Amino acid sequence: MVAVLARAVTFALVGVDAMQVTVEADIHPGLPAFTIVGLPDAAVQESRERVRAALVNSGFEFPLRRITVNLAPADTRKAGPGFDLALAAALLVASGQLVGDPLSAYALSGELGLDGSVRPVRGALAMADACARAGLRGLVVPAACAGEASLLGALDVVGVGTLRAMADFLAGGERPAHDEVDPAALLASAPDGALDLGQVRGHRALKRALEIAAAGGHNLLMVGPPGSGKSMAARRLPTIMPPLTVAEALEVTRVHSAAGLLGAGPLVTRRPFRAPHHTVSSAGLVGGGPVPSPGEASLAQHGVLFLDELAEFARPALEALRQPLEEGSIRITRSQRSVTFPARFMLVGATNPCPCGHLGDERRHCSCPDSSLRRYRAKLSGPLLDRIDMIVRVASPSRDELMAGPGAPESAAVGARVAAARARQSERLAGTGARCNAELGPAQVRLLCKLDPAARAALYAAHDRLRLSVRGHDRALRVARTLADLDGRDTITRGDVAQAVAYREHHASELLGSVV
Amino acid sequence: MRACDPCLRRGALLGMLGPWIARALGQHRRLPAVLGLDDDALVAAVCGRKRAEVDAELARFDAAGMRRKAAAAGLATVCPHAEAFPAPLRHGPDAVAALWLLGDPSRLHALNEEQSVAVVGARRPSAYGLETARALCRDLAAAGVPVVSGMALGIDSAAHEGALEGGGLTVAVLAGAADLAYPRSRAGLHRRIAATGLVMSELPPGARPFRWSFPARNRIMAGLGAMTIVVEGTLNSGSLITAGFAQDLGRDLGAVPGHVTSVLAAGPNALIAEGAQVVRSVADVLDALYGAGSGPLPAPRQAALDARLAALLEAVERGTGSPDALASDSQAMADVVAGLTELELLGLVRRDAGGNYVRCA
Numbered sequence: 001m002v003a004v005l006a007r008a009v010t011f012a013l014v015g016v017d018a019m020q021v022t023v024e025a026d027i028h029p030g031l032p033a034f035t036i037v038g039l040p041d042a043a044v045q046e047s048r049e050r051v052r053a054a055l056v057n058s059g060f061e062f063p064l065r066r067i068t069v070n071l072a073p074a075d076t077r078k079a080g081p082g083f084d085l086a087l088a089a090a091l092l093v094a095s096g097q098l099v100g101d102p103l104s105a106y107a108l109s110g111e112l113g114l115d116g117s118v119r120p121v122r123g124a125l126a127m128a129d130a131c132a133r134a135g136l137r138g139l140v141v142p143a144a145c146a147g148e149a150s151l152l153g154a155l156d157v158v159g160v161g162t163l164r165a166m167a168d169f170l171a172g173g174e175r176p177a178h179d180e181v182d183p184a185a186l187l188a189s190a191p192d193g194a195l196d197l198g199q200v201r202g203h204r205a206l207k208r209a210l211e212i213a214a215a216g217g218h219n220l221l222m223v224g225p226p227g228s229g230k231s232m233a234a235r236r237l238p239t240i241m242p243p244l245t246v247a248e249a250l251e252v253t254r255v256h257s258a259a260g261l262l263g264a265g266p267l268v269t270r271r272p273f274r275a276p277h278h279t280v281s282s283a284g285l286v287g288g289g290p291v292p293s294p295g296e297a298s299l300a301q302h303g304v305l306f307l308d309e310l311a312e313f314a315r316p317a318l319e320a321l322r323q324p325l326e327e328g329s330i331r332i333t334r335s336q337r338s339v340t341f342p343a344r345f346m347l348v349g350a351t352n353p354c355p356c357g358h359l360g361d362e363r364r365h366c367s368c369p370d371s372s373l374r375r376y377r378a379k380l381s382g383p384l385l386d387r388i389d390m391i392v393r394v395a396s397p398s399r400d401e402l403m404a405g406p407g408a409p410e411s412a413a414v415g416a417r418v419a420a421a422r423a424r425q426s427e428r429l430a431g432t433g434a435r436c437n438a439e440l441g442p443a444q445v446r447l448l449c450k451l452d453p454a455a456r457a458a459l460y461a462a463h464d465r466l467r468l469s470v471r472g473h474d475r476a477l478r479v480a481r482t483l484a485d486l487d488g489r490d491t492i493t494r495g496d497v498a499q500a501v502a503y504r505e506h507h508a509s510e511l512l513g514s515v516v
Numbered sequence: 001m002r003a004c005d006p007c008l009r010r011g012a013l014l015g016m017l018g019p020w021i022a023r024a025l026g027q028h029r030r031l032p033a034v035l036g037l038d039d040d041a042l043v044a045a046v047c048g049r050k051r052a053e054v055d056a057e058l059a060r061f062d063a064a065g066m067r068r069k070a071a072a073a074g075l076a077t078v079c080p081h082a083e084a085f086p087a088p089l090r091h092g093p094d095a096v097a098a099l100w101l102l103g104d105p106s107r108l109h110a111l112n113e114e115q116s117v118a119v120v121g122a123r124r125p126s127a128y129g130l131e132t133a134r135a136l137c138r139d140l141a142a143a144g145v146p147v148v149s150g151m152a153l154g155i156d157s158a159a160h161e162g163a164l165e166g167g168g169l170t171v172a173v174l175a176g177a178a179d180l181a182y183p184r185s186r187a188g189l190h191r192r193i194a195a196t197g198l199v200m201s202e203l204p205p206g207a208r209p210f211r212w213s214f215p216a217r218n219r220i221m222a223g224l225g226a227m228t229i230v231v232e233g234t235l236n237s238g239s240l241i242t243a244g245f246a247q248d249l250g251r252d253l254g255a256v257p258g259h260v261t262s263v264l265a266a267g268p269n270a271l272i273a274e275g276a277q278v279v280r281s282v283a284d285v286l287d288a289l290y291g292a293g294s295g296p297l298p299a300p301r302q303a304a305l306d307a308r309l310a311a312l313l314e315a316v317e318r319g320t321g322s323p324d325a326l327a328s329d330s331q332a333m334a335d336v337v338a339g340l341t342e343l344e345l346l347g348l349v350r351r352d353a354g355g356n357y358v359r360c361a
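Protein chains in written order, with this note's numbering: chain A, 1 to 516; chain B, 1 to 361.
Hints are supplied without guarantee of correctness; some may be wrong.
[Stated by the list, open to error] In silico negatives: residues of chain B with every beta carbon more than 12 angstroms from chain A:
| no. | residue |
| --- | --- |
| 1 | GLY18 |
| 2 | HIS91 |
| 3 | HIS109 |
| 4 | ARG124 |
| 5 | ALA327 |
| 6 | ASP329 |
[To be verified] To spell it out: a stretch of chain B is covered by chain A in this simulated footprint if at least three of its residues, at any positions, have a beta carbon under 8 angstroms from a beta carbon of chain A; those stretches are:
| no. | stretch |
| --- | --- |
| 7 | 259–269 |
| 8 | 312–324 |
| 9 | 340–352 |
[To be verified] DEER-style ranges, computed between Cβ atoms:
| no. | chain 1 | residue 1 | chain 2 | residue 2 | range |
| --- | --- | --- | --- | --- | --- |
| 10 | B | ARG30 | A | MET403 | 43 to 51 angstroms |
| 11 | A | ARG374 | B | ASP55 | 38 to 46 angstroms |
| 12 | A | GLU312 | B | HIS109 | 48 to 56 angstroms |
| 13 | A | GLU312 | B | ARG68 | 49 to 57 angstroms |
Everything labelled a hint here was simulated from the structure, so no lab data went into it. If you're wondering where the values come from, they're calculated on a predicted model, not measured in any experiment. Glycine included, each C-beta is placed from N, C-alpha and C at the ideal position.
Using the sequences provided together with the hints, build the complete structure.
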């Protein structure tokens with residue numbers, strides 16, 4: 001038998017994008033050997049054993065000759081088990097067990113089990129996207145990923161459960177069937193979750209603040225004693241945000257798929273709510289690793305990133321959030337390449353008023369030493385607070401409120417008001433690059449948040465009497481703009497400004513309970 | 001005006017022994033008893049084996065050098081042998097030997113001519129406590145009553161601020177040296193008090209405060225005040241120590257009542273239960289000091305508010321200060337939040353650390 005060369009196209013996941021990789025298999029007479037070159041990592045090296053066993057256990061012959069596999073481009077590091085399927089296909093063609101030219105039209109991606117089964121891979125949606133853009137006709141993926149890969153529509157997606165099924169299809173045999181998916185229909189039929197704003201008893205002021213925050217996309221900080229219901233309320237924030245659009249859902253799905261976190265369905269249909277623990281590392285928060293994978297901030301794309309006990313997070317982790325908060329994306333640079341992850345989320349923080357949590361509580365005395373109070377406050381100030389438009393105090397609910405039965409559902413009604421306010425914003429902001437009031441830059445704030453004299457006077461008074469800072473001024477304007485949008489008005493009134501000022505950052509001395 | 005050598009030496013000795021005085025305190029020997037010991041006995045009680053060293057250092061004491069040091073720090077000294085020394089501090093076994101003063105020492109005369117009031121309270125008070133202390137002291141100062149306090153965070157600072165606002169004399173008694181602002185975050189207040197009032201201490205210039213010097217300072221505050229008023233404090237707070245000193249000295253005791261459920265009000269409420277004068281406003285204090293009806297009553301603040309704001313203000317005055325309790329739905333909440341901010345802008349309400357609104361006094 002003469003030496004034969006075969007090529008198969010597959011994809012490597014780089015961040016949330018897929019990079020085309022060509023698997024070249026060369027079979028040469030000689031002592032049996034199996035070498036993979038082209039900067040493979042350990043998982044790719046182990047691919048040899050999986051492919052060998054899968055081929056044999058699927059009834060194929062494993063060529064006992066000198067096999068060289070190259071993963072091109074050869075200068076980029078390849079990681080993970082997703083190349084198995086393409087490798088096996090290339091070997092089948094090179095060894096003459098699969099005839100014709102089946103690998104020119106279809107790309108392949110999948111992990112093989114020793115028994116020849118095909119296991120799901122991460123990033124099927126990104127691969128389908130890259131595959132369509134590369135002009136290939138179709139993509140062969142694990143059956144479990146077929147739904148996800150066919151979300152984009154433009155591609156012939158073939159889901160295979162076993163190596164044998166793949167070979168049969170490529171040999172011109174039966175095309176394995178899978179359900180057609182339509183992202184719009186999936187979104188429309190997504191069941192409502194069990195969460196509703198009405199389940200939060202009392203806390204009318206907090207709910208109002210959540211409504212405003214959702215309407216303008218404003219980042220929010222809740223300050224209140226432990227057990228006052230901050231995180232319960234935050235978890236219900238996604239239920240009042242507008243439903244995901246198809247484009248948004250696809251972006252979210254792409255990130256979750258790249259992280260291997262896609263649940264049962266092919267599409268993420270609800271806005272993500274991510275609540276990392278305060279011990280999270282900065283890599284865990286914004287993404288990282290030798291092969292960069294998305295962090296919590298990216299997983300919260302188009303949803304909510306909830307940081308409970310904000311002051312307890314490590315400072316480097318909080319600092320790392322600066323870039324996503326400003327740019328809506330995270331760039332991770334490695335020596336070889338840099339990867340950009342999307343990270344456009346609403347930041348919701350929760351914190352106790354002081355380390356012991358009882359500052360300002362009528363019934364308990366705060367026992368924190370002044371020095372630790374100052375340190376605690378210092379943690380909450382600075383660049384992160386710059387990006388938080390609203391700060392709301394949360395008090396413990398009263399006994400009566402706790403004893404009252406569950407409230408009527410509210411999320412639908414609030415969500416409708418929020419959606420209307422968002423619609424007004426996208427109309428006004430069309431072409432500006434910003435999508436909601438929270439994203440207005442300093443220049444846009446001055447341009448788009450015009451005040452009448454009475455409203456201006458209120459802002460001046462807040463500046464003088466309440467020591468509103470310059471950045472507090474801009475934040476109040478953005479929130480006031482949202483309040484007018486919620487009310488369906490173009491003009492910002494004095495009432496809007498007065499409300500917005502109530503959500504300002506309080507002076508450290510005010511929180512410390514001292515007068516000067 | 002300057003302190004005589006032996007008094008100055010005693011003051012210097014306290015500074016020298018500062019770090020170890022706590023050793024002489026025990027179950028049977030309270031602070032006044034220790035401070036009441038004469039120099040030799042004090043050294044003996046505090047120093048133990050190091051006594052010879054301290055005695056030697058004391059023998060080398062240079063009064064002129066100490067005066068130069070005080071002058072360099074901008075401090076004047078006064079001792080009981082001077083006429084200007086505050087009369088209320090002359091008596092008792094633990095009477096103050098020497099006071100270091102920051103500010104114009106001639107202001108001491110006012111303390112002998114007028115009855116002063118000491119106002120003390122929690123370092124981390126509620127907004128209600130802060131507002132009450134500030135307004136009370138503003139009105140006391142405006143009525144010509146010197147206000148004595150300790151420049152601590154919270155109520156003490158509010159008391160000084162109020163007195164400065166009212167344009168009257170205010171005296172800060174520090175636990176450390178008078179030339180050092182303690183706590184350091186009150187450096188600005190320290191400067192302003194020294195400019196129009198007095199900062200005093202029984203410790204020599206440069207001395208940091210010691211654990212024992214806080215209650216020792218409290219005894220001076222209680223001594224200076226014809227009446228000591230506790231605004232807020234828990235049951236075992238330093239404010240109640242001051243109140244205890246005032247009681248021991250036979251001075252009047254006043255307390256600003258608070259919510260019975262509030263831990264911060266537990267101290268003053270307990271004092272009231274034991275017979276302290278209820279202090280609701282400056283009128284109660286003036287009545288107690290000068291006899292009923294003799295004090296000038298400040299006119300109630302008048303503000304023209306629209307009906308909506310007036311109703312909100314009334315609700316806050318009734319103690320319903322949380323937005324949650326004031327609005328039943330989202331739309332009403334918008335009006336309530338906006339209205340409360342308007343009241344805040346007018347200076348009629350303020351928000352406390354828990355996010356509730358209280359009436360500004």
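Hint by hint, here is what the structure shows:
| no. | hint | result |
| --- | --- | --- |
| 1 | GLY18 | holds (21 angstroms) |
| 2 | HIS91 | holds (34 angstroms) |
| 3 | HIS109 | holds (28 angstroms) |
| 4 | ARG124 | violated (5 angstroms) |
| 5 | ALA327 | violated (6 angstroms) |
| 6 | ASP329 | violated (7 angstroms) |
| 7 | 259–269 | holds (count 5) |
| 8 | 312–324 | holds (count 3) |
| 9 | 340–352 | holds (count 8) |
| 10 | B:ARG30 / A:MET403: 43 to 51 angstroms | holds (49 angstroms) |
| 11 | A:ARG374 / B:ASP55: 38 to 46 angstroms | holds (42 angstroms) |
| 12 | A:GLU312 / B:HIS109: 48 to 56 angstroms | holds (55 angstroms) |
| 13 | A:GLU312 / B:ARG68: 49 to 57 angstroms | holds (51 angstroms) |
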